[in-house]
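Trainee: Here is how the chains run, residue by residue.
Protein chains: 2
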Amino acid sequence: MIEILEKHITERIGKRPENLDKVLSQFESLNTKRGIHLLTQGDVCKYVYFIVKGCLQVYVLDKNGNESTRSFYFENAWVTDIFGFKNQVPSSEFVKCIEPCELLRIHFEPFQALCREVPQFDALYKEILEASYNNTVYRVNTLTSLDAFERVKWLMETKPLIMTRLSSKLIASYLGISPETLTRLKSKL
Amino acid sequence: MIEILEKHITERIGKRPENLDKVLSQFESLNTKRGIHLLTQGDVCKYVYFIVKGCLQVYVLDKNGNESTRSFYFENAWVTDIFGFKNQVPSSEFVKCIEPCELLRIHFEPFQALCREVPQFDALYKEILEASYNNTVYRVNTLTSLDAFERVKWLMETKPLIMTRLSSKLIASYLGISPETLTRLKSKL
DNA sequence: TCTAACTCTTGACATTTGTCAAGAGTCAAG
DNA sequence: CTTGACTCTTGACAAATGTCAAGAGTTAGA
Chain A
1 MIEILEKHIT ERIGKRPENL DKVLSQFESL NTKRGIHLLT QGDVCKYVYF IVKGCLQVYV
61 LDKNGNESTR SFYFENAWVT DIFGFKNQVP SSEFVKCIEP CELLRIHFEP FQALCREVPQ
121 FDALYKEILE ASYNNTVYRV NTLTSLDAFE RVKWLMETKP LIMTRLSSKL IASYLGISPE
181 TLTRLKSKL
Chain B
1 MIEILEKHIT ERIGKRPENL DKVLSQFESL NTKRGIHLLT QGDVCKYVYF IVKGCLQVYV
61 LDKNGNESTR SFYFENAWVT DIFGFKNQVP SSEFVKCIEP CELLRIHFEP FQALCREVPQ
121 FDALYKEILE ASYNNTVYRV NTLTSLDAFE RVKWLMETKP LIMTRLSSKL IASYLGISPE
181 TLTRLKSKL
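The listed protein sequences derive, respectively, from chains A and B.
Heads up: the first sequence is residues 1 to 189, going by UniProt numbering.
Heads up: the second sequence is residues 1 to 189, going by UniProt numbering.
There could be a bad hint or two in this list.
One copy or two, it doesn't matter: identical chains are merged, so the pair holds either way.
Computed list of lysine-lysine pairs in DSS-like fashion (alpha-carbon distance at most 25 angstroms, straight line) [claimed, not checked]: (1) K46 / K96; (2) K126 / K15; (3) K86 / K159; (4) K126 / K22; (5) K188 / K63; (6) K86 / K15; (7) K53 / K33; (8) K53 / K15; (9) K169 / K186; (10) K86 / K126; (11) K126 / K46; (12) K63 / K153; (13) K96 / K63; (14) K159 / K63; (15) K53 / K96; (16) K153 / K186; (17) K63 / K169.
In short, the hints are calculated from the structure, not lab data.
Throw the hints in and build the complete structure from the sequences for me.
Mentor: Laid out in structure tokens, this is it:
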């Protein structure tokens, strides 16, 4: 399981960093069932997760108790509540396993230590942060500039994995529309 | 003008860094009129801007040619198209001065050099990146989990500066609703 | 100070999307 | 394999939001 992370880091950095074993030794593995919460809104997020296998959903609840999904993460993705994690304050989001998952996780303390002590780890973190920010910027722009039908088409073109691997209910919660509307828009494609 | 940036960096870092003069010397000042574009969709973004005075709007156009605003930036904010800037590829967004502005800007080359050579500058960049990512995550969650009326109330509570300083048309483009809807929702408050 | 351009508001109506309900279909866990 | 829970789809209707138009108000810049 840890070899997947080793491969991921080596590919990202371009070569096998000298301190890689030190980095890898800070992670612990974790297998979860479908439906398990890794983080509940209001709790302090103590870990950064790396997905070896499976899928995570990051969401909030609206006033009616419906899930509103900010993002889905698949294999080789890094997941945490950035603000809550960095500042060790209550998180604003839920993180849930929507498939049985094989995960690796690193605790807050060793994460901070690696950022200080291993420049390449810090650089990797910065790179992932930039990519995450960029993705989120795109997401904001699709939410404000596209109507529901255009968002469905956009999702099919740019994130086919979400369309094919996840349920309609989850996809609708990601697009910010009701499952019924999604059904109707799909029939218009 | 440069003293404002000096103050901003010193406050962020906690103390006056030794290389500060080297950092400051890489910036050039720029005064703009209202309505001027600093970046046009499709052009390569060559600068990171720091706002001494004024307000910038970052937006895209929808299929009808209406502006859809991702973010507004005011005094002491840093603005660029992250992905386009980092990779020097065409940008996906417009950046426009919506007030007469006093700006400082740093070119791509010296920016990269400072990130490499001045660790505190790199750390500052990382910090701003984390804060920006966090803000954008919140923005996604408000767009998907709140309806139009709730978004208006949310904006008044958390970003009163936008509500008081900018025109209704701009505010509506930020909330993802039409100016007419905004007028009607405000009368329901 | 003046003025042309832009903005705000309101009404009438169209369109989009949500809600509720019910039946058929699907799937994961035992 | 079985089964109970969940999901998908469809229809009817309600609610939210957009579009268009027009008049009043406001403002940036000469």
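Trainee: Evaluate each hint against the coordinates.
Mentor: Comparing the hints with the structure gives:
1. K46 / K96: Cα proximity of K46 and K96: one copy only (15 angstroms, versus 40 angstroms across).
2. K126 / K15: So K126 and K15 pass the 25 angstroms test inside a copy (17 angstroms) and across (23 angstroms) alike.
3. K86 / K159: Answer is between; shortest inter-copy Cα gap is 23 angstroms, intra-copy 29 angstroms.
4. K126 / K22: both (19 angstroms within a copy, 23 angstroms between copies)
5. K188 / K63: Classified as between: cross-chain Cα gap 19 angstroms, same-chain 30 angstroms, threshold 25 angstroms.
6. K86 / K15: between (28 angstroms within a copy, 21 angstroms between copies)
7. K53 / K33: within (12 angstroms within a copy, 53 angstroms between copies)
8. K53 / K15: The answer is within: 24 angstroms in one copy meets 25 angstroms, while 44 angstroms across copies does not.
9. K169 / K186: within (13 angstroms within a copy, 32 angstroms between copies)
10. K86 / K126: both (13 angstroms within a copy, 12 angstroms between copies)
11. K126 / K46: both (19 angstroms within a copy, 20 angstroms between copies)
12. K63 / K153: between (28 angstroms within a copy, 14 angstroms between copies)
13. K96 / K63: Answer is within: at 19 angstroms inside a copy they meet the 25 angstroms cutoff, but 35 angstroms across does not.
14. K159 / K63: Between. Shortest inter-copy distance 21 angstroms satisfies the 25 angstroms Cα cut-off; intra-copy 28 angstroms does not.
15. K53 / K96: Result: close within a single copy only, 14 angstroms intra versus 43 angstroms inter.
16. K153 / K186: Within. Shortest intra-copy distance 9 angstroms satisfies the 25 angstroms Cα cut-off; inter-copy 33 angstroms does not.
17. K63 / K169: within (18 angstroms within a copy, 27 angstroms between copies)
In summary, the structure agrees with every hint in the numbered list given earlier.
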